[in-house]
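Dock chain B against the given chain A, drawing on the hints supplied.
Here the protein sequences come in this chain order: A and B. Once you know that position 335 of the first sequence is 753 in the working numbering, the rest is easy, because the numbers rise by one and skip nothing. Once you know that position 46 of the second sequence is 569 in the working numbering, the rest is easy, because the numbers rise by one and skip nothing.
A hint or two may mislead.
[What the hints assert, rightly or not] Stretch-level coverage of chain A by chain B, calculated; a stretch enters the list once three of its residues show a Cβ under 8 Å from a Cβ in chain B:
(1) 479 to 491
(2) 501 to 510
(3) 579 to 587
[Claimed, not checked] The calculated label-pair distances, taken between Cβ atoms and stated as ranges, are:
(4) B:Phe724 x A:Glu531: 50 to 58 Å
(5) B:Ala549 x A:Pro522: 30 to 38 Å
(6) A:Pro489 x B:Phe559: 18 to 26 Å
Please keep in mind that the hints were generated in silico from the structure rather than gathered at the bench. Please read these numbers as outputs of a predicted model, since none were measured by experiment. Quick reminder that beta carbons are idealized off the backbone N, C-alpha and C, glycines included.
The lines below spell out each chain.
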Amino acid sequence: MLELEIVHAWPGFHLELHLEVGAELLVLFGRSGAGKSLTLRAIAGLFRPASGRIALNGRVLFDARRGVNLPPQARRVGYVPQGYALFPHLTVFENVVYGLRGSPREIRRQGMEWLERVGLVDLAGRRPHQLSGGQQQRVALARALAIHPDVLLLDEPLSALDAPTRSELQILIRNLQRQLRIPILFVTHNLAEAMLLADRIAVLEKGWLLQVGPPKDVLHRPARREVAHLVGVRNILRGQVRGRDSEGWRLWIGERELRARPNPLDPPPGEGTAVLACIRAEHIALIRPDRPPPPDGENRLSGEIIGEIDYGLARVLFFRVHGPRLTPEREYDLEIEIPPYVYERLDLERVRLWTIAIRPESVHLIVAEEEKEPPASVLP
Amino acid sequence: MDWFPFLLSARVATLATGINLVIGIAMGWLMARRSFPGWDLIGAVVTIPLVLPPTVLGYYLLVALGRASPIGQALEALGIPVVFTWRGAVVAAAVSSLPLMVQSCRAAFEGVDPELEQVARTLGRSEWEVFRTITLPLAWRGILAGTILNFARALGDFGATLMVAGNIPGRTQTLAIAVYDAVQANDLARAGILVAVLSIFGILTLVAVQQLGRRLAA
Numbered sequence: 419m420l421e422l423e424i425v426h427a428w429p430g431f432h433l434e435l436h437l438e439v440g441a442e443l444l445v446l447f448g449r450s451g452a453g454k455s456l457t458l459r460a461i462a463g464l465f466r467p468a469s470g471r472i473a474l475n476g477r478v479l480f481d482a483r484r485g486v487n488l489p490p491q492a493r494r495v496g497y498v499p500q501g502y503a504l505f506p507h508l509t510v511f512e513n514v515v516y517g518l519r520g521s522p523r524e525i526r527r528q529g530m531e532w533l534e535r536v537g538l539v540d541l542a543g544r545r546p547h548q549l550s551g552g553q554q555q556r557v558a559l560a561r562a563l564a565i566h567p568d569v570l571l572l573d574e575p576l577s578a579l580d581a582p583t584r585s586e587l588q589i590l591i592r593n594l595q596r597q598l599r600i601p602i603l604f605v606t607h608n609l610a611e612a613m614l615l616a617d618r619i620a621v622l623e624k625g626w627l628l629q630v631g632p633p634k635d636v637l638h639r640p641a642r643r644e645v646a647h648l649v650g651v652r653n654i655l656r657g658q659v660r661g662r663d664s665e666g667w668r669l670w671i672g673e674r675e676l677r678a679r680p681n682p683l684d685p686p687p688g689e690g691t692a693v694l695a696c697i698r699a700e701h702i703a704l705i706r707p708d709r710p711p712p713p714d715g716e717n718r719l720s721g722e723i724i725g726e727i728d729y730g731l732a733r734v735l736f737f738r739v740h741g742p743r744l745t746p747e748r749e750y751d752l753e754i755e756i757p758p759y760v761y762e763r764l765d766l767e768r769v770r771l772w773t774i775a776i777r778p779e780s781v782h783l784i785v786a787e788e789e790k791e792p793p794a795s796v797l798p
Numbered sequence: 524m525d526w527f528p529f530l531l532s533a534r535v536a537t538l539a540t541g542i543n544l545v546i547g548i549a550m551g552w553l554m555a556r557r558s559f560p561g562w563d564l565i566g567a568v569v570t571i572p573l574v575l576p577p578t579v580l581g582y583y584l585l586v587a588l589g590r591a592s593p594i595g596q597a598l599e600a601l602g603i604p605v606v607f608t609w610r611g612a613v614v615a616a617a618v619s620s621l622p623l624m625v626q627s628c629r630a631a632f633e634g635v636d637p638e639l640e641q642v643a644r645t646l647g648r649s650e651w652e653v654f655r656t657i658t659l660p661l662a663w664r665g666i667l668a669g670t671i672l673n674f675a676r677a678l679g680d681f682g683a684t685l686m687v688a689g690n691i692p693g694r695t696q697t698l699a700i701a702v703y704d705a706v707q708a709n710d711l712a713r714a715g716i717l718v719a720v721l722s723i724f725g726i727l728t729l730v731a732v733q734q735l736g737r738r739l740a741a
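Chain A with its partners taken away, still in its complex shape:
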């Protein structure tokens, strides 16, 4: 169990987070400059926060108030920085056993065992520069784990790798986590990777911890506008709660009404509350005229496709609603994402007038007051 309480500030930047991490894989997610790497460095003892406390399995590594600050040597933390930082003048084997102590025989045994675990026995005598990126990352993992750390810190471990190597290593890391049962902090700005690997995701932005939760929650129930943005919600519409009935909430967005049935776990917003309605672009359906229409409870809007972007694996359509608009301040109202084969089957290149359907369950609400101020600082 890793207990984290880090507060630090210098001109133009503030880092503050409170987290407890069990024997799980926690992804620190956010763009560069959010404070992810700094958090790892603070745990490793390579950066001293102004205040806070860091404890690992009850062992206090850092406590500003009591003046405790263990050096990195005494922390038993496995740290793999971005770029791996392999020792270029040592062989693969020498890198892996660098942190080991004991008789040469014992060191040799343990080193070979780790090389086996990461599948590098044949390369034991090579130098780092003779290895591929994926092999280098395996060496870095084995080197960090060989000291039997109480926590493993991985800073963007896979971002420099090609897609097949990346998925191999994702599986390796997942398996290592199951075997070792220690907390793993995994920094990434890749959403798909975060979703795949994380037991929980901690979203950081500009030094603030905005949301912590299972991947599905973060993806479908972002707590703040910045989180919604980071997890790829394309439609974030300003609106107001008008009332509630048996079908859910009625929202007033722009010049018209939408229905929402947010997750029961979210606190219900009161009448008149300013909200942000989040609708994922891939949750909007085009209604085919030759098929039975969707149930009545769904939001239905008629309009026109006025533009599109071809991402290869997906098409994004810019949809303008006819009549009263949702976002009168700009040209289009909604972004809709569909797979390319749907685009072709529906002949969207020629057919531009459509009715769309949005299930009320797909409209997630964020109470807008929360987004104005950063979360209140807990410490002075």
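Same frame as chain A, now just chain B:
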């Protein structure tokens, strides 16, 4: 042919380089890895032999180590007088070549990624072990280049050596001073040989340093 200047110069340059190697590694590492107020001043003092006339440097050393100074008196009392002895030549050669060693070591240490040292620390190795097993092995080429340059510069020192050690044939007459002496005595043949030896050595030195630099970059 009098071989004494060759032997003396070899001994002086070797000792000066040895002393500077220890000072250079310590100062170069501190300059590359630590920062505290006053460092720029200390850096300037160490580097100043590069820009001062050698006679000015010699004058400072003469005043600092001569009979009139407390240091000079103390050294004399210990039976190791410096001024106008071969030891004076070592001090003069060391001080005038120190900037080359310190700058080379500093650059060599700055070329070592601090992240490697940080990871080594998280793996439980002490500061000294990290220095011995990571920093030094990765910096040694730059340090070796600095050592070669330092040796060459120490071998060729003239002005400061003449001021501090004098020109006593068979006692303090180094190669560079022997050239001057030979020309003064109109023995151009002897001067020619000495000059040729010093020049060839200088060229070899620079070739070696350049090759080290290329392998460092590769």
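Problem - Unmet hints by their number, sorted upward, for this structure - result: 3
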